[in-house]
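Undergrad: Take the sequences, apply the hints, and build the full model.
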Amino acid sequence: SARHVPGKENTVADSLSRLETSGDYMINPEILAEALDQLQVRPSIDVFANRRNRQCKRFCSLIADPWAVKQDGLSLAWNKEVPLIHPPIPLIQRSLNKISNEGCLAVFIHPRWTAQPCGRQNEKEKKTSAPRLAVDLNTRRKEGEKVFKTELEQRGLNETSIERAICGWHCIWRRYRQRIGQFKEYWDKSGRDLIEIKDLKDPEVEMINYIDFLIEQNSTPANIVENVSAIITLFKAAGLSEQKIYGKILKQVLKRTRAKLKKPIKETTSYSINILLKFIELQADKLQTLTEAQFLGCTFISIMAFCTLRMVVVLRADVYQNEDNSWNINTSMWKGDDTNAEITFRPLVKQSICPTFWLSKWLNRTERQQLDKPLWWLKRTNKPATEEFTSKSIHYVMEQAGVENNPAVTSFRAASILKAFFLGFSKIAIDRFSRHSDSSMVTLKSYDKNNNDEVRKEISKL
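Counting in the working numbering, the sequence shown runs from 807 upward without gaps.
Since the hints were derived computationally from the structure, they do not count as laboratory data. Quick reminder that beta carbons are idealized off the backbone N, C-alpha and C, glycines included. Mixed in with the good hints there might be a few duds.
Unchecked claim - Here are the in silico distance ranges between beta carbons for each label pair:
id, residue 1, residue 2, range
1, K1054, A870, 43 to 53 Å
2, N1015, K1066, 12 to 22 Å
3, S850, F1231, 32 to 42 Å
TA: Rendered as structure tokens:
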């Protein structure tokens, strides 16, 4: 157990209970994000943390915390996660033992003490099986890309055409090639050659058998659905028709798996976008004291609150200032139909919450115009901001502003659309503002938070 349970044999947890409860150790988030990018690993949970020093949205805390997934991180099944493990010193050896016993992929942070038993053990593991699973992931990606290109080459496509097809998938290709690599491992175990894919008489049955294999491997519903999408693409590349691949039986098999991924319709209360706007209004008076992460978070909040673009869409944007002091954001929207978008921000009455104010200050802070760097260039790391670092920066500002329950970054869209509803704008106006083709249906599925109680109150009036 990682927490103190009274008893003379529970000496490790007893010693831990006498340490600082807030957590003695925390690595710089910017340095950690850079290291994780290089390792190409994304942890799913911070095992030893609290709400102040956690590095992941999900975390386990040694002290009772309603935000925490568990209080005892050692009781969690690490082989079902990609845990970030930065244990207190007395728990280093026990954490290493758990990693070894469960055979999981983990990000493990600890002092380099080769003189200590746990240090020698970790050095030995690094020499014998160095991030084995991380290497396997890289190998899987390379193999997946090789398989896909081979199938297209066999159909007569040249290298330029193949690269053009891959570029059309943008960032989705990174997931596709890994899933195709995963499928290759399954295919190799069956003793078959990849050339046989194009000659499959019943590819739908092959897909169903592969799904059964993934279920036996305890794959998550999301992983199964991603695999199906990637393998359908591979089969199409091999020249098989979609009608033969994705038939009624396969759709029925996937029905329950897809249902687990659907977001339930709940009548939960959403926070007001005013909370965030008032907070960044206060931060505008003390720009010089803001860290780069805080500055980035405030700038993104200002932009996303007034245009409902997704974070990743803003992250790949570029901007320029017009003669009338308005600013244009040019970006690409890859979700759904690929399309370019241009958003024009004009100065607002309240300058301190206006995107034009935060954009101009951000560019002045990074001296981007002189350096000719990407829009979201970080001076500290001398690199563009990553998705993970940007998300953490926004969450940090949200927490400082007093937004409770740590909602997702996409909740900005909900909060902005809801305020537009409350202000009485027409459905057409909200559709244009949010770029939803049918805001009524989207609101029902995703943003129906605070409206129902107000409607019921009005209906009850006689």
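Undergrad: Next, verify each hint and record whether it holds.
TA: Now for the hints, and whether the structure bears them out:
| no. | hint | result |
| --- | --- | --- |
| 1 | K1054 to A870: 43 to 53 Å | holds, 50 Å |
| 2 | N1015 to K1066: 12 to 22 Å | holds, 21 Å |
| 3 | S850 to F1231: 32 to 42 Å | holds, 39 Å |
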